[in-house]
Amino acid sequence: MLFRVEVAPKPHVLDVPGRRAAMRITHELGVEVEGAAVVKTYTVAGLDKQEIDRVIEAAALHDPVSHVASITPLAHDFDWIIEVGLRPGVTDNEGRTAKETLALVLGLDKARARSLAVYTSSQYALSGKLDPAQVEHIAKDHLCNELIQRFEVKSAAQWAEKPGFEPRAAQVTGRASDEVLTVDLAAMSDEELMAFSRDNVLALSLEEMLAIREHYAAPGTAERRKAAGLPAQPTDAELEVLAQTWSEHCKHKIFSADIDYENAETGTRQSIQSLYKTYIQGSTAAIRKSMGAGDICLSVFKDNAGVIRFTDDHHLCVKVETHNSPSALDPYGGALTGIVGVNRDPMGTGMGANLLCNTDVFCFASPFHDEPLPPRLLHPRRVMEGVREGVEHGGNKSGIPTVNGSVVFHERFLGKPLVFCGTVGIMPAQVGGMPSFEKRALPGDRIVMTGGRIGKDGIHGATFSSEELHEGSPATAVQIGDPITQRKMYDFLMRARDLGLYHAITDNGAGGLSSSVGEMAQDSGGAELDLSKAPLKYDGLRPWEILLSEAQERMTVAVGPDQFERFMALAAEMDVEATDLGRFTDSGTLSVSYGQKPVALLDMGFLHDGTPRMRLEARWERPEAACQPQPAVEDQAGLLMSMLGRLNICSKEYMIRQYDHEVKGASVVKPLVGVKRDGPADAAVMRPVLARKEALVLSHGICPKYSDLDAYWMMAGAIDEAVRNAVATGADLAHMAGVDNFCWCDPVQSAKTPDGRYKLAQLVRANQALAHFCQAYGVPCVSGKDSMKNDYTGGGSKISIPPTVLFTVLSVIPDAAQTMTSDLKQAGDVLYVLGLTRPEMGGSELADELGFSDCRVPEVDALSAKARYRGLRKAIKGRVVNACHDCSDGGLAVALAEMCIGGRMGADVDLLRVPASPDCATSLEVLYSESHSRFVVSVPSGNVPSFEKLFAGQWIAPIGRVTDDGALTIRNGGAALLRCGVDDLAQAFKGTLDW
Amino acid sequence: MARVRTLVITGYGTNCEAESAHAANLSGSDQTDIVYFSDITAGRVRLPGYNFLIFPGGFLDGDDLGAGQAGAIRWKYAKTAEGEALLGQLRTFFEDGGLILGICNGFQLLVKLGLLPALDGKYFERQVTLSNNDSGRFEDRWVTVRVNQASPCVFTKGLDQLDLPVRHGEGMIIPEDNATFSRIVTENLIALQYADPATGKPTMEYPANPNGSPMAIAGLTDPSGRILGLMPHPEAFNHPTNHPGWMRGETPKLGISILENAVRHLKENA
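Protein chains in written order, with the working numbering: chain A, 1 to 995; chain B, 1 to 270.
Here are a few chain A residues that face chain B, going by a calculated C-beta distance under 7 Å: (1) R20; (2) T97; (3) K397; (4) G399; (5) R677; (6) A816.
Don't read these hints as lab results, they were simulated from the structure.
Owing to the predicted nature of the structure, the values given are computational and were not obtained by experimental measurement.
Note that CB positions come from ideal geometry on N, CA and C, so glycine has one too.
Start from the sequences and build out the full structure, keeping to the hints where you can.
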């Protein structure tokens, strides 16, 4: 029998969640509600009435000071009531905690505890003059995401007639199954092969399906399989494993393809064998060679995260992932899973790293979008708020500070939002006397899965994210992360690492067990896995589903026979589930069974290297872009205010403050700086080892707005932006590593992508730029990822994102005190501009603001920039400067305004003194051009000679002074072009997203 | 002088254990151990072996059921492998003169366990709770807190005003009833109040008071003064560069002075 325990605030207690719900419905949906009250409901299965009474008596589910609990409905005095609960199988974290709490309070034995279940839901009792259509709008478009949740509505009259909602158990019903199907590929035509691949979300091409068929037809195969009790033709599990392992998501087929690149602009042709090997791996190898003994890299591209040197006794590792497709369907769950998912990468790097900090970068369409939405797409504001909250819960609850990030807005991210989540970890240089960044599963080691249980969540995640988003995208691809289950597992694993209780560790991400075991088995040379032992959330999963499930919070560990007993005992003591699923072997095969029943037998060589290499064509022709004249601007002060309020420039404080950015007590430069802590920081600095002074600097660059002009300069710009942000904060080029995350739209020429050759040419050019500029700056890429199908088709339209690369930079400095912030600090300081301003208005914020187009994309002059970056490092280290800020979106004018806001100080500068190229004709160009590699620096007058000496022969000039008159004055020669009060600037900067 | 033996308890979502232990070390603790809750239930560690107990910040059980609620129930019902109630160990620890510091989620746990404010010496009876911030949001920002000079709290002796970060979503004090609240005020169990940084006066103005807590309560003590619970994070101001204004020359007293007081008290009084 099901009982409902309802919990509501006492009359004297303010219903904060209710008030907030009412406010959000009114503001975000534009539907006026007068008030809302929230009643939390726990539906309990497996207890009798007496036990439920004891639960309420013991105040197990409510706080008796502030709340009441009841088994009869509590809502009252409303016009409409909506109850929202989770659909069966969706992760219910609070339900899990409630279940554990009740078992403890009632002293249930193991068997009773297992049969206990708690399902949470929330009731929103709304007051206001609402019609049924509005109530449904509130339910569907704000309170409930029907993909993962269900809702019920009652009017006050319906409630009066029959109060309350029926209790519902969101239980998955199913029977244990050992069903293994055989797929007769030999009997299929080409069309049937493709139909099979499509219908089963395998995302395998015809060429790949044929390669599989051929592999099974090889002489001797049928006999070998027969001996193992398997049919000659592939099983469903084998095809699924091959599809996941070979997916674009896992195998990076486009980056590994043979590309015929034609550059129509220069009339040249080039044949490229693997963009990844040629440009990314290639440039890193060259940089490492040139670093010689000073090579900072320890482990690049081969593990879950890249590892670099930090101090003599610690290393750092870094990884950034994207979670775009799931976030499009369920922004909260998708983003939450994104951040707790990437946490497991450092956790599973080498022998396992402790987690240090997160960085999160999001790309959305405007939250103020007011056009009709194509089918299945969520409103950008809903996406933005959901993603923000998902990362908030994932990061904060895991106790990892979110120290760096940004939000980029572009209309084409309506088709798919981009959600980049990154994590930096730290590991002792040695674990048990061996280098910590290496690991190896040995034949005979047990395969132990730790953490969460397996459900149908996330099945086909890897293949799904290797496809475009469409109206019929599968709901099972969505998961909800559970930060606390993961935290407990992490606590346990770090202790097990320090006690030397395992040989190797990796995370379960895309492809689930098939991937994690498959990858680790490459070390030992094979594995035997018994799926019947796997702990399930509920019955009803078939063997292939257990093998492929991407249920979260799981790590796979190779535990030696001599370590096994202690490993399992520690897990039990720390309340972490750990299950022995088989053993690593050197048989050369991945052998999977369900109890006695054979499920799969895969040749390790074919599994990992059998993918046919793609052959692709790329053709570059420079797109035609008009260079229109800039409109005349009368009100320069008004323009600066508007620019500061633009989405890509304005303050993101509301978001930043909801992220814990200083847990771990190591923060040195926070995301918000200045006298009122509301100026933007260029990069984050933290001191990871509390008893020492060494610091890490974390920054990023991202500029998709240049992709339509030339993806080469988009990439160069992203690298430069990341590097200069780090340098502005004090980082040293000599100890700096990069992470590249490519998000592209489908670049493979086909009927649905008629411009595939051009999009692939963009990719080629971006890679060429990556190699050129990483080498120019001496910054090796140590890790990276790509997501290649960021397109949406539906309702007859196709939206492709602008090709985007997030470039993340991790740098190390020997002393946290050698850092700098952007806020002005002292009146009378001389303000310098470093770097040359050119009339590069293409893709600029100003062009978008004033509605003109320009073809001159900002280029990067790495040679001069590098000298400037080295000089700036010396200036900051020597404490010669008082403030430093890079010029980025909105150019010089915005940089100056931000520095004034940070310090709440004025400045008086003259544009004629700004170092500018001769073709910089207008003051608009000097003010708002987004030429790269430039800084504004505030120098105490006494330090001017030593400062200028550091930049002798470079493009620098003093342009004015810091003032204490509370206004930013910009002159063009003598007369003031504009004069704005700093408080007004701050208001303009903070007004847009003041939510 | 007594040796100060500090126990920092973590597990089940607690996450500020490392910086809390570091702060204790900087403050002169002779021995500082970070242990998991499971180490205590396994019987490997006993509370009475220590004299300074820290419940650090974090997200016990993800704040499900309300911050600290599930954790308080775990403490209330858990037993060691030998069948000894954990609550008994905690009671003995306190009765033997030990000091208890609950920071943020640790403070939430202490009020939900009924260790604060313990009016009439009624320890382990819940008299107040901490609930959602007035803003309905989690927020990370630095605040100024003012010390109540009349409170018996040993952690705040000799201190006047501190700058500390807050990072929480459930920091507003809600008393059982008005009488309880009045007595907390009159008996000086308010140890710390959110203050206007300019005037140093307690304030109800957001954001100087980040959660709308009545009487600007940022921290509570018990009648003995040996327990302190506070929402701000003293351990996160363990180095001058933690302060958001350090580059502007703002270098006030470190937050760990609260822990230094605890260590000094134990050394001088035990």
